[in-house]
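K.L.:
Let's have the full structure, built from the sequences with the hints guiding it.
Chain by chain, the residues:
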Amino acid sequence: MRIEKHPILEFQTGKIVKFTFDGRELEGHEGETIAAALHAAGIRTMRESGHLHRPRGLFCNIGNCSSCLMVVNGEPNVRVCVERLREGMNVETQKGKGELK
Amino acid sequence: MNKTADYVIIGGGVIGCSIAYNLAKKGAKNIVLIEKKYLTSGATGRCGAGVRMQFGTETNCLLAKNSIEMFENLEEELGYQDSIEFKQGGYLLLAYTEKMVEQFHKNLGVQHKLGIPSRWVTPEESQEIVPHLNTQGLLGATFCGKDGHCNPFKTTDAYAKAAERLGVEIMTYTEVKQLLAQDGRITGVETDKGVIKTPVVVLCAGSYSRELAATIDIDLPITPERHQILVTEPVEMMQGPMVMSFYHGLYCQQVPHGSFVMGLGDPNEPKEYNFNGSWQFLHEMAAKATFLLPPLANLRVVRQWAGLYDLTPDRQQILGSVPGFEGVHLAAGFSGHGFMIAPMTGKLMAEHILGEETSLPISMFDFSRFARGELFVEPSVV
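Residue numbers (this note's numbering), protein chains in the order written: chain A, 1 to 101; chain B, 102 to 483.
Hints are computed from structural coordinates only; laboratory data are not their basis. One should not assume that every hint holds.
[What the hints assert, rightly or not] Each computed PhoX-like pair below joins lysine-lysine, with the alpha-carbon atoms no more than 25 angstroms apart:
no., chain 1, residue 1, chain 2, residue 2
1, B, Lys-294, A, Lys-97
2, A, Lys-15, A, Lys-5
3, B, Lys-138, A, Lys-101
4, B, Lys-138, B, Lys-372
5, B, Lys-294, B, Lys-262
6, B, Lys-126, B, Lys-104
P.N.:
Written as structure tokens, this is what we have:
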């Protein structure tokens with residue numbers, strides 16, 4: 001299911017771009033949030049919880065709650081619910097707290 | 102509420118709770134601890150959470166060394182089921198001027214005499230200890246691997262719970278309005294919930310100690326000074342020690358949770374009660390921290406806060422009684438390094454209050470040193 005309407009966020013339906021998620025090639029609309037593109041591709045698990053390593057999905061969707069932190073182009077702790085999708089992005093599931101480089 | 106106590110401790114920070122526990126452990130009864138807000142709501146809960154032995158005066162080195170040895174076994178000593186998050190990743194103190202190099206070598210001399218395992222390290226060795234350290238302009242550093250971090254909230258909680266188990270009564274959200282005295286002798290304290298009659302008051306209310314002492318005409322030379330801290334998002338552990346630079350006036354440590362906690366000292370800070378955070382701090386802190394530790398530029402700041410140093414003229418705490426006044430004991434004016442010496446301070450104060458010989462001499466921390474003009478300045482503080 002594609003998110004098209006949201007009380008706060010705008011979702012664009014522009015140019016189709018390719019990006020990778022954990023090595024899989026996916027497509028999304030340029031300028032929509034990474035979370036929206038992942039959601040449209042059926043991906044519901046964004047990260048795992050810190051202590052019990054349970055799956056975490058979208059929760060606040062406005063950049064507040066840290067439920068959707070992922071590694072984007074090598075940078076950890078990116079809030080994919082407010083980060084816009086661009087051509088060729090490398091999105092990875094984050095294990096643990098993320099390594100600062 | 103009108104009641105009677107044998108001992109009234111004013112201030113529910115780590116110092117007050119440590120004194121309460123140590124008094125009760127020694128068998129003292131009918132102890133009441135009064136806290137204006139909640140435990141750790143003052144300087145304790147706002148501090149940088151570092152603990153170190155690397156000081157410049159023998160007395161502070163001894164207080165800190167004994168305290169760190171106590172932190173090592175504190176959970177067991179206090180029967181604490183949780184963790185106080187004690188981490189010994191060391192302190193790396195950076196030297197940028199010839200004068201600092203000289204002072205640090207003097208400090209090492211004092212520390213080595215007392216068995217503190219600190220050592221001089223070159224810029225290259227500093228980078229081995231903290232790989233992401235920018236060594237530009239660095240002349241060297243001192244390092245002590247026994248220094249580190251401890252959680253001030255949990256430590257205070259551990260002391261408070263242990264004290265309560267020994268019968269100490271802790272009254273939070275109770276404000277002392279004034280101390281009561283007659284003929285140079287304490288008779289009680291007046292709170293917003295009534296009077297507590299007591300022959301002994303222990304004053305450990307941080308900056309507010311001055312106002313309280315003034316109610317019985319004792320003039321404590323303590324002034325509040327705002328210090329600010331920020332905390333970042335957590336990442337995997339990458340920095341063992343606290344990095345501290347007196348030249349930049351900053352300290353920065355990665356706590357066990359993975360967050361970086363960092364603070365700055367500002368010599369031009371007005372001496373007043375001010376708990377507001379400022380954007381200037383964020384700007385200056387970010388600039389200095391990312392110069393010294395460049396990868397931190399990619400970290401997001403989660404929040405910032407401010408707290409008060411209870412500053413004395415020689416940046417040394419005031420411990421002991423007040424000459425010519427019966428029943429008043431002081432443990433205040435810690436000037437920014439109270440948390441790390443709280444375990445030993447609590448023990449020494451309990452011994453002093455009960456009239457025993459103290460395990461370490463505390464006479465140099467006497468209140469009357471200011472009247473005598475015998476200040477002894479601690480050189481190694483931010």
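K.L.:
Please name the hints from earlier in the document that this structure breaks, with their numbers sorted from lowest to highest.
P.N.:
1, 3
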